[in-house]
Structure formats: structure tokens, C-alpha cells
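A.B. asks: If you want the building blocks of each chain, they are given just below.
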Amino acid sequence: MTQPIKFYQTGTFTVGNRLLPEDKRTVQSSTARDNSLNSGHRACQGCGEALGARYAVDAAMRATAGQLIAANATGCLEVFSTPYPETSWQLPWIHSLFGNAAAVGSGIAAALKVKAAKAGLPEAVTRVIAQGGDGGTTDIGFGCLSGMFERNDDVLYICYDNEGYMNTGVQRSSATPPAARTATTQPLGPEPGAEFGKGKNVPLIAVAHEIPYVATATVADLHDLEAKVEKAMSLRGARYLHVFVPCPLGWGAASCDTIRLARLARETGLFPVFEAEDGEITAVTKIRRPVPVDEYLRLQKRYAHLFGAKGHPETIARIQAMADKNIKRFGLLDAEGAA
Amino acid sequence: MTMKKPFAITLDPGSSLANKTGAWRTERPVYVDRLPPCNAQCPAGEDIQGWLFHAESGDYEAAWRHLVRDNPFPAIMGRVCYHSCEGVCNRAKLDAAVGINSVERFLGDEALALGWQFEAPQAETGKHVLVVGAGPSGLSAAYHLRRLGHRVTVIEAGEAPGGMMRFGIPKYRLPRDVLDGEVARIAAMGVTFRYGEKVSDILAAMRDEGADAAYLAIGAHIAKRAFIPAKDSSHILDAVAVLRSMEGEAPAMLGRRVVVYGGGNTAIDVARTARRLGATEAIIVYRRTRERMPAHDFELEEALEEGVKVKWLSTITGAEGGKLTIEKMVLDADGKPQPTGEFETLDADSLVLAVGQDVDTSLLAAVPGLVGADGMVAVDLVTQMTAHPGLFAGGDMAPGERNVTVAVGHGKRAARNIDAWLHGKVLAPKAQKPIAEFDRLNPWYYSDAPKTLRPQLDMARRTSSFDEVQGGLTEDTALFEARRCLSCGNCFECDNCYGVCPDNAVIKLGPGKRFEINLDYCKGCGICAAECPCGAIDMVLEAD
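Chains as they are written, first to last, in this note's numbering: chain Z, 6 to 344; chain Y, 7 to 550.
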């Protein structure tokens, strides 16, 4: 009857855990965390992006001992954090244009490289992140991003993916999922909402660049997200982190459901969480409690047209098929879980 | 602060902290404490979740000290308590209930092994309380009264302490060294015990002892008789006498075929005892069905495993020599057994009646009006006080379920009310917090971990010896088991609220101090409440 004594009540699911050794707890559980994105920002109630940005940047701050500069694309994250003359950022932070965050990051990294060389150092001590939403990353900033990857510039690019242009009034981006209603994909006609077969998967495109490190994460799994930021900051060269951040406003979800939605996105298989190094997928986060996509879709008014009296069960089935494809492609279920 | 500004810049940079986003809020998070179902259920009023909290971090002594604030018998409880707490445990809805009882036993055994003692009272009150009966209820009252600083004298008619724990519960369920160990700890606090003395008039005894108050807990040990027409040659005994004889030099002679009449836990104890005394057959005869049996199912299950048989829907209508006449019964629409007129005979070397027990109320003869029509002592169910001021009663002699844990609970309640009464006060009833329901939890956050089963004595040794049937947990498994607690309804400082707030509006106050909401910035999104694993945050509408 000997049990392996590796059970900590909530294990690593919660933010903190008094039963875990200090070094196994999250950055966010510490009162010494940087709060890189400070209180008073103007993000909506329950903003997933504000949460994801603090999680990621605080982890990067700890990994670099505070030697960090951020470049930021236009978008919610920029608008809600830094309305002139106030800012919520507690680190050097540069905003230039919507589409050039990756290029600005590359430039800062180049400057730091020169400074290090002039100081006789082998490499820059101060590190660079560039960040933006899915619009600024997958659409408008995509050329600059691909260039940054291709040159293997020493920048961690973080995309906070809320699946649309939320700041300007919820328009479709190339990260908007099929069937979702946005201002530009109305729930009309035979295929209501965003069309199937469009959009792009930037994490896999990043993998195809064979850069040192690519990872996806969600705001629902803090330990995983922080570990990935730490890993990314331990490497040099171009790195890409794609964080899934629910948007209560744009998705028509309750503000309290942000983390729940992120959790369901992963547990349904709609958002595969994985890591890749040098073009090879090296790890996936398995699904812990498999759920059908309905449970995820129902919580969001952007999918309301799929339910109700008329409904579109065939569309839900197509979304389920997307999830099943991810589960198969990335091996998201353990053999026993799949049975 | 002003500084030289670049071209076209007119304002100094400022922090967003100037923007008090708390003004957006329509609802605010409020930390609450709810009553965990286990605590609400415990007849002894233990703070189960509270002591498990200490056990989770491996601080077993702190856990034990927290536990014994309410109940001085963790090692006994860990063996004989029917742990109805586990029946209501929210974890059962996830995998299996937390093994509260086995952790309690582990703590009790640790305390006995390591010699942990109760602290002496901080100050003496100068009051003297007489406790009559050294069963679980009397001992519990004595312990709590002593903790409160009163002088306590316990008078017991038997030759040793324990009451039904010694003379009713078989050794295979409660080894006597455990009982003696936990009673000795109460004596060590300075409680005076006197054995072999029967109190025949309680008021006279109080006068003689100079007692300011008294607690009566003499139990119910007069076996009820069922009328069975029998010839002299039949060997008919009562369950109380059989179980009591097990403590003496000469265990009752039961023979090879033993029939036990009754459906309670006592009937099962007798049948299992008979098996251990060498009976090849031990048959329980019970008038109703298994579903309606008052005995606990796990005890019946253990008895069946040991080869005890049960004749359901049967009554004994006569006994002659070694033969019993059994009549078949049926349940009517109300679930009452009705005779069918169908008879059979059953061979039996002895018949043991286990059909209930009555209270010997003779010591109250001089105080009229205290005994109810049911033959029990009438008490105020809140204070345990009888109609006679200063005279309290509890345990099996007072109304309530009859088991050790309920008796211990009566003793605690009586002690606290005696203390209040001695100080001329009335104990204000504690405001009951609402129960922490499963629906309020966010079970995602708890690690998966099924219940650790206690090792059971292998079957061969079980029916041939009086060795303890249930084994205990090891330190590893006890820790594992304790950590399965969900801390329903009460913050256990997992830092979730602190971590998940998009506005850094939760202030972490440090270990043991929990959290506060910074209402200057809280926008009232409700993520903290939704992601609180244990349901310790409510969202409350802001006033207009």
C-alpha cells in the first residue's frame, strides 16, 4: 500500500500551493512579481489579453532579472495600457506602428548587439520581446514577423490571440475561427459567421521557419505558460509564443468565464498546446478532461446562431471535426483517454 | 516633476495607477467562509477541515491539537466512529470521499506513540463538577470541563473507564490499550476518577461531593427483553451480558450454533464475537430486510465476509431446547413486518437477544419529572440541561442517536453549557454559516487521487482472533489522504485569486493572512470567484 508521495492537493493546477517547494510555485504567486502591466489599465472587465500579457512579461522579467525591453504592436494591448500620457507598463516599452512590432524588436536587438560588442561582451545582456494581438501578428505584421524569423533575430515575439480585431469593433482577422460572428462575418446565409477553410495557423508557420523555439499556451495553464517563457528566454535567436486569450467583449462571453473558455479551448482540442524546437514538435500538453466543442461554443454569443430553435448542428459537427483533427494530428489524448 | 520635453510633447509621463478602474464595478468579490459538510455533519462538532489543513503540511501534532479542541479521542474515533462525515464529503462526487476517519486514527495513534499530552488549564475556576459515568460522554464532558478550569470528579459504577467502549464494543474493533491510553491522558490533566461506586441519588451525591453542577452519562445498559415463549432448557442470553462477559475472566458460553435476534450494530457485534469464540455458525435473525436494517452496512458487510449469516424477514416465535421456531414475515405497504403464518425451525445452541437497551434511571428517583415517557432523561437539546438547574445529562441516557460520537458530542456541549451556567451566563448560539456545497467548487484545480483503502486483517486471522480488523495508514498514505481534502468553502491560500486577476486588484497578505481586494482597481469581472477552487469568494452587487 505504498503510494508514491507526489500529491499536493491541487498539485500545479492552482497559481500557488503552500505544499509545493518555493521554486515550484509560479511567478504570479509571488508578492515579488513585477506586475509589468500595472493596475489602472483600461482593458475590459475580465480581459484575457491583459492577464496573458502580465503572465508572460512578468515571467520574462524574472527570467532576465529585469533586463528586458518590449516593442508593442498597435491593438488593444497598446491602447488600453498606454493612453497618453499614462502607461501601465513597468518596463522600457516602445510602440511604433500596427504592423512593425517584430521589425522594431529586431532593431532593438541589433542595437543591443552593437552595444554589447562595443562593451566587449559576447552577447547582449538586455533582452527583447515584441508583442501584439492576432491582427498585428497574423495579418498586418506578418511580413515583419516572417522576416524576423528568417533572420533569426534575437527576439521573443509573443502573440496574444483573441481571434479578431477587438479594439476597432470586433472585425475578422486571419485568426478568427470558422462560424464565429464578427462585425465583418455576420451570421447570415447558408454558412453564417466566418467561413470555413480560411485563415492561417501562425504557430505552425513559425515552426516551418525552423526557428529555435515555438510554443503555444493559454491563460488557463499558468505553470505551462511561465515554463515556456522561461524556456524561450534561455535561448537565443528568433522565438515565438502564441498565447490564447479569450475576449469577453468580442466573443460575447461573461467576464468571469475568461479562464474557463481558455481551459475549454484546450480540453476540446480546438486550441492545441505544444512546443517545437528547430522545426520539430517536441512536446504537447495532453487533454485532461475531454469535452465536446458544444461546451465551449455555448458560452459565447459569437456562436449563438449555431444553437437555439433553428440552429446549425452540421456546423457544430464541422467544428467538432476540426477539434478531432487536432487531437489526432498532435496526439492530444492518451491512448486510454481516447478509448 | 517637470523635465525637458521632446518636440510636441506637453505632458509628463504618468502611471496608470492614477486611473481608478474600481469605479467601473457593479459587483464586488467578497471572501466568505462556509461550513464544510463534514464539519456540519460531525456529531462531536469537530473542525475536520481545520485539522486536515495541518495534516496536509505534515504537521501532525498541530493537526492533533486542533482536533482535540473538540474531541479528546482521535484514536478511538478512528476505530469506532461511523464517520458520517465521509458520507457527505464533497470529494465523493469527484472520485471517493476523503478518508477522514483513517487520518483521524493515524493522528490518534501518532499521539499515543509519541506521548502527546493535553495542556493543563490556564487558570482554576474554583468550581467543582461531578460527572457520573465514565463512558464516552462522561469522559468527554470531564475533559472539556477540566480544560475550562473546573475541578472534575468522575464516579463510575464499573471497575474501569470506557463504558460501552469497554463493555460493549468488541476488542477487534477497539483494542483496549488504545482506550486506556486516551483515558489516561484525561486523568493526567488532573481529573479525579473513582471506580466501583454506584450513585443511587444524584442530588445527595452532589451535596456530599460539594459539586456546583453535575453531568449524568450513565448510558443505557439494561437489555430489553423480547417475549419468546421458551422452555427452561433453552439457552437465552442478552447481548449486553455477552459483550460485557468478554471483558471478564469467563466469556459467555455460546456453543457452536449461535442465533442472534435483532438488526442493530449490537446484533452484528455479537454475531462476530460468536464467530471468534469458535461458533461454526452465527445466524442473525431480523424481522425486516437489509435496506431497513439499522446496523451500518459496512459492519454487516464485514460480518458477512467473516461468515455470519442473516435470516431476513423472520421473527422468533418460540424456543424449545435446542430448537427455535421462526415465522416468516412480509413487509406491508408501510414497510412494517407482518406475520405470514409460515413457520420453520432452526437449531441453536444459544439465542442472544439484541433488541435494544433501556436506561437505569433509579438515581433520579428523588428528582421528580426528569424522566420522559420513553424512559430516557429529558434534556434541553441545546444545552443538555435537565429541568433541574445545574443538572445536565447526555449520551445514551438522553434522546439522540446512540453511538460513541454522539455521546462525545453531548459531553462537549454539556461541558460548555455547564461552564456558562456556572458563570451565570447563557451560551449564545453560534450563527451557523451556510454549507459549502459541491456546486460552488471549481473541481478542475484538484489533482486526481482516489481514496487510500486501509489494509484489512486477512480473513483467516479475523474469525479466529480478536486482533483488530482495520489496519491503520502509514505516514505516507495518511499525508496523501489528508491532501485529498478540497477545503470546501474556506480559503486555503492557493493564490488563484491573486494570480488570475487581470487588474492586479487582489492583495496577498502572506501565509495565514489570506487576501484582500483592492477596490480602487477591481473592475468586478468575477474571474477570481469563478476560478476559486473551494468556493470561498462571492460576487455581491454594489449598492447604487
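Quick caveat, the hints were computed from the structure, so don't treat them as lab data. Positions of the beta carbon are idealized from the N, C-alpha and C atoms, including for glycine. Among the hints, erroneous ones may be present.
Stated by the list, open to error - Subject to a maximum C-alpha distance of 25 angstroms in a straight line, what follows is the list of computed DSS-like cross-link-like pairs (lysine-lysine): (1) Y/K99 with Z/K29; (2) Z/K291 with Y/K519; (3) Y/K514 with Z/K29.
Said to hold, decoys possible - Simulated restraints, written as ranges between beta carbons of each label pair: (4) Y/D445 with Z/K120: 28 to 34 angstroms; (5) Y/E481 with Z/E27: 21 to 27 angstroms; (6) Y/D445 with Z/R303: 15 to 21 angstroms; (7) Z/A121 with Y/E67: 51 to 57 angstroms; (8) Y/D526 with Z/T131: 40 to 46 angstroms; (9) Z/R303 with Y/E481: 24 to 30 angstroms; (10) Z/R241 with Y/A68: 34 to 40 angstroms; (11) Z/V84 with Y/E548: 23 to 29 angstroms; (12) Z/P297 with Y/D445: 17 to 23 angstroms.
To be verified - Just a sample of chain Z residues kept apart from chain Y, beta carbon distances all over 12 angstroms, derived: (13) T15; (14) G16; (15) G21; (16) R30; (17) K123; (18) P127; (19) T173; (20) Q176; (21) P197; (22) G204; (23) V250; (24) H317; (25) A326.
A.B. asks: Against this structure, judge whether each hint is valid.
C.D. replies: Consistency of the hints with the structure:
1. Y/K99 with Z/K29: At roughly 29 angstroms apart (the allowed maximum being 25 angstroms), Z/K29 and Y/K99 break the hint.
2. Z/K291 with Y/K519: violated, 36 angstroms
3. Y/K514 with Z/K29: Holds. Y/K514 to Z/K29 sits at ~18 angstroms (cutoff 25 angstroms).
4. Y/D445 with Z/K120: 28 to 34 angstroms: Given a distance of about 58 angstroms, which is not inside 28 to 34 angstroms, the answer is violated.
5. Y/E481 with Z/E27: 21 to 27 angstroms: Taking Cβ atoms as reference, Y/E481 and Z/E27 lie about 23 angstroms apart, which means the hint holds.
6. Y/D445 with Z/R303: 15 to 21 angstroms: holds, 18 angstroms
7. Z/A121 with Y/E67: 51 to 57 angstroms: This hint holds: roughly 56 angstroms between Cβ atoms.
8. Y/D526 with Z/T131: 40 to 46 angstroms: violated, 33 angstroms
9. Z/R303 with Y/E481: 24 to 30 angstroms: The hint (24 to 30 angstroms, Cβ to Cβ) is violated, given that Z/R303 and Y/E481 are roughly 46 angstroms apart.
10. Z/R241 with Y/A68: 34 to 40 angstroms: Cβ of Z/R241 to Cβ of Y/A68: about 49 angstroms, so the range 34 to 40 angstroms is violated.
11. Z/V84 with Y/E548: 23 to 29 angstroms: holds, 27 angstroms
12. Z/P297 with Y/D445: 17 to 23 angstroms: holds, 21 angstroms
13. T15: Z/T15 not clear of chain Y: closest Cβ-Cβ about 5 angstroms, inside 12 angstroms.
14. G16: The claim is violated: Z/G16 sits with its nearest Cβ about 4 angstroms from chain Y, within 12 angstroms.
15. G21: violated, 3 angstroms
16. R30: At about 8 angstroms from chain Y, Z/R30 fails to clear the 12 angstroms cut-off, so the statement is violated.
17. K123: holds, 25 angstroms
18. P127: holds, 34 angstroms
19. T173: With a cut-off of 12 angstroms, Z/T173 remains clear of chain Y, as the shortest Cβ separation is near 21 angstroms.
20. Q176: Holds, since 23 angstroms exceeds 12 angstroms.
21. P197: holds, 29 angstroms
22. G204: Z/G204 clear of chain Y: closest Cβ-Cβ about 26 angstroms, beyond 12 angstroms.
23. V250: violated, 10 angstroms
24. H317: holds, 28 angstroms
25. A326: holds, 26 angstroms
Consistency with the previously given hints fails for numbers 1, 2, 4, 8, 9, 10, 13, 14, 15, 16, 23, ordered from lowest to highest.
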